[in-house]
Amino acid sequence: MVRPPPAWGSFGNLDKARIGPMTSIEERGAAAPPDGRAGISSKRRGAADERITRTGWLTRLFRRPEAGAASGLLATVVIFALLPGADALYSLQGSMTFLTLAAELGIIATAAALLIIGGEFDLSVGSMIGFAGIVIGLTVNHLNFPLWAGIGSAFAVAIMVGYFNGLIVVKTRLPSFIVTLASLFILRGLAIGITRAVTGRTQIPYILNDVPDNWTAKLFNGEILTGLFQWMGNQGWIETRSDGLPFVAGIPMSIVWWVVVTLFAANLLTSTRFGNWIYAVGGDAEVARNVGVPVARVKIMLFIGTACAATLLATIQVMEAGSADTLRGLLKEFEAIIAAVIGGVLLTGGYGTIYGVTFGALIFGLVQMGIFFTGIDTDWFKVFLGVVILVAVLVNNYIRAKALGESAGK
Amino acid sequence: MSAPTIELRNVTKRFGSVIALQSVNIEVNPGEVHCLLGDNGAGKSTLIKILSGVHRPTDGEIFVEGRGVRFRSPRDAQDLGIATVYQDLGMIPMMSIARNFFLGREPRRRRLLWQRLDLDMANTVARRAMADVGIDIRDPTQAVGTLSGGERQTVAIARAIHFGAKVIILDEPTSALGVHQAAMVLKFVVEARLRGLSVIFISHNINHAYPVGDVFTFLDRGQPRGTFRKKDISRDEVIEIMSGGEDLRAVEAEIERMLAQARSSEAAH
Chain D
0 MVRPPPAWGS
10 FGNLDKARIG
20 PMTSIEERGA
30 AAPPDGRAGI
40 SSKRRGAADE
50 RITRTGWLTR
60 LFRRPEAGAA
70 SGLLATVVIF
80 ALLPGADALY
90 SLQGSMTFLT
100 LAAELGIIAT
110 AAALLIIGGE
120 FDLSVGSMIG
130 FAGIVIGLTV
140 NHLNFPLWAG
150 IGSAFAVAIM
160 VGYFNGLIVV
170 KTRLPSFIVT
180 LASLFILRGL
190 AIGITRAVTG
200 RTQIPYILND
210 VPDNWTAKLF
220 NGEILTGLFQ
230 WMGNQGWIET
240 RSDGLPFVAG
250 IPMSIVWWVV
260 VTLFAANLLT
270 STRFGNWIYA
280 VGGDAEVARN
290 VGVPVARVKI
300 MLFIGTACAA
310 TLLATIQVME
320 AGSADTLRGL
330 LKEFEAIIAA
340 VIGGVLLTGG
350 YGTIYGVTFG
360 ALIFGLVQMG
370 IFFTGIDTDW
380 FKVFLGVVIL
390 VAVLVNNYIR
400 AKALGESAGK
Chain F
0 MSAPTIELRN
10 VTKRFGSVIA
20 LQSVNIEVNP
30 GEVHCLLGDN
40 GAGKSTLIKI
50 LSGVHRPTDG
60 EIFVEGRGVR
70 FRSPRDAQDL
80 GIATVYQDLG
90 MIPMMSIARN
100 FFLGREPRRR
110 RLLWQRLDLD
120 MANTVARRAM
130 ADVGIDIRDP
140 TQAVGTLSGG
150 ERQTVAIARA
160 IHFGAKVIIL
170 DEPTSALGVH
180 QAAMVLKFVV
190 EARLRGLSVI
200 FISHNINHAY
210 PVGDVFTFLD
220 RGQPRGTFRK
230 KDISRDEVIE
240 IMSGGEDLRA
250 VEAEIERMLA
260 QARSSEAAH
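Residue numbers (numbering that gives the first Met the number 0), protein chains in the order written: chain D, 0 to 409; chain F, 0 to 268.
Calculated directly from the structure, the hints in this document are not laboratory data. Treat the hints loosely; a few may be bogus.
[As the list claims (entries may be wrong)] Stretches of chain F that chain D covers, calculated by requiring three or more beta carbons in the stretch to come under 8 Å of a beta carbon on chain D:
#1 71-79
#2 98-107
#3 110-121
[Stated by the list, open to error] Computed Cβ-Cβ distance ranges for the label pairs, DEER-style:
#4 F:R108 / D:A148: 37 to 43 Å
#5 F:R8 / D:V392: 52 to 58 Å
#6 D:Y205 / F:S72: 54 to 60 Å
On a predicted model such as this, the values are computed, not experimentally measured, just so you know. No residue lacks a Cβ here, since even glycine has one placed at the ideal position from N, Cα and C.
Please take these sequences and the hints and turn them into a complete structure.
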């Protein structure tokens, strides 16, 4: 590598050949200069460094980790707008449907993304959804718990499951992939085994019948802004049924929960000490340990997070259906990982944002419903998913190489 | 004179039957650069790990400012003001300079319900701390991965100085660097020394160690081979001891002989 001879006193110059002016994960703080130039400059202030180029806001926008997912979402929206069935897909009803799909996936994908950024995987998310539903069903139907206590028990179980997953991973230093693969089978097996032993079947119906606290169910199953939607229906702005009620009664609680989870996680990740530790343990656990980050505690907390997110989704589904099914959540762990990866989260940990995952979940929901509305055989959805994963991983790999200042494809 | 900042007395480390270090005595005073020199396998890494609290010595004692101490973890050593700058471990490439700077000691500010990370303060302080030691960063939110090896070392050293380290241990800080960047790190070492810090500088590059060092300790296969002050030893003598003197001359003679042989066989053709 040929370099100009350094002037003494300008030893702080960046080796420009190696570094695109790539910014890191976070927003530019107040201390960053408005001109957006990156780098360490010469000690002689005022002397412009010819090796630092100006970057426009557009370039900087495209360097953010979620840029790929955002443009992917835009492309998906446009493509389905051009295909037949766009009217149905983008109607209020159609939109609410794909948003609900995105919300249900987004809740678990957000927690999964935090864990992946922290350098670990949780394959037991899907089984945990089934298991948590069963806990609610059994405690309410067979132990006569009020609904709130049933849901509380499910979360207590989730905290224990997450704790043990995390504890085994940090104590044994085995790959979390294999540890949680074991939990995947154990939890699913337990859900089916216990349910059949107690009820003789694999489903628990009529959970919401005769519960003393039906209002609890409304927290997970109802809609908000129903008054507004009714008013818009009365004005004739949105479609109504023959009895005057709008087809879309309000915004479903699943979407509300998704927004809450997303805002919480995004805040946690970028603006708290714990968030800093998540990036650190995923970036390099050894370094993190050396500077005093409680690596084990951070990882265990993240495993508890994924188990709790699965339980939240299970609660929403059980309240909606009024029943629990031992097979709920099948393969959801992979969908969560896919949404995170599409959202720009690096599979190797240490890099990614929550808003990227939001875009990932939206793409997922939109494509799933879009394929249905356009009349394309839904078998093709899986092919599409596979291709998208591959593209997303390649793009992420490229971004990571940029972030580390390596040339891509090395 | 006050007690040395850090002192090792008869420190021995055994891994099973392997003796990694045998009765090492070292003392480092404030404002002094102590160079540890030795070939690969001399026990330099083991010594650093003992000083930084990763390993516990099998035998012997460690004193920090005259008080006997026992490190149970790297954190213990850090709390006593002993900062270790590892050759590559020490920075998380995909995190920003400011986040790396404050990792494990994040500044926080209470806002509403929870304590938020004070990123503005982190960025400002990281930038100022770097400027204090002579490096002007325009953008503390830049990923550390985009910095060169030498710059990463300087961030690590600036961090140690900022958080009040009394002893900075540098593990082969210049070995992977080019001339220009090595010079930058060496200037930093002098900067730290002038501030009254103790520096332990591990190296096998005499051209880097000799100009900045005050005291030189030689290690050879776990055995200490003497400690010299700079006035008592010349650069050539240091090279002599490090290369094992006789060994190198024997190798030179051997190479000479091989080349002569090659030349004569060429002439014969």
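Evaluation of the provided hints:
Remark: the segment 71-79 of chain F is confirmed as covered by chain D, as 3 of its residues place a Cβ nearer than 8 Å to a Cβ of that chain, reaching the required three. Beta-carbon proximity to chain D at under 8 Å applies to 7 residues in the segment 98-107 of chain F; the threshold of 3 is reached and the given coverage holds. With a threshold of 8 Å between beta carbons, the proposed coverage of the segment 110-121 of chain F by chain D holds, since 7 of its residues qualify and at least three are required. A hinted range of 37 to 43 Å for the beta carbons of F:R108 and D:A148 is consistent with their spacing of about 38 Å.
Between F:R8 and D:V392 the beta carbons are some 55 Å apart, a value that agrees with the proposed interval 52 to 58 Å. Distance hint check: the CB atoms of D:Y205 and F:S72 are about 55 Å apart, consistent with the given range 54 to 60 Å.
Violated hints for the displayed structure: none, as all numbered hints are satisfied.
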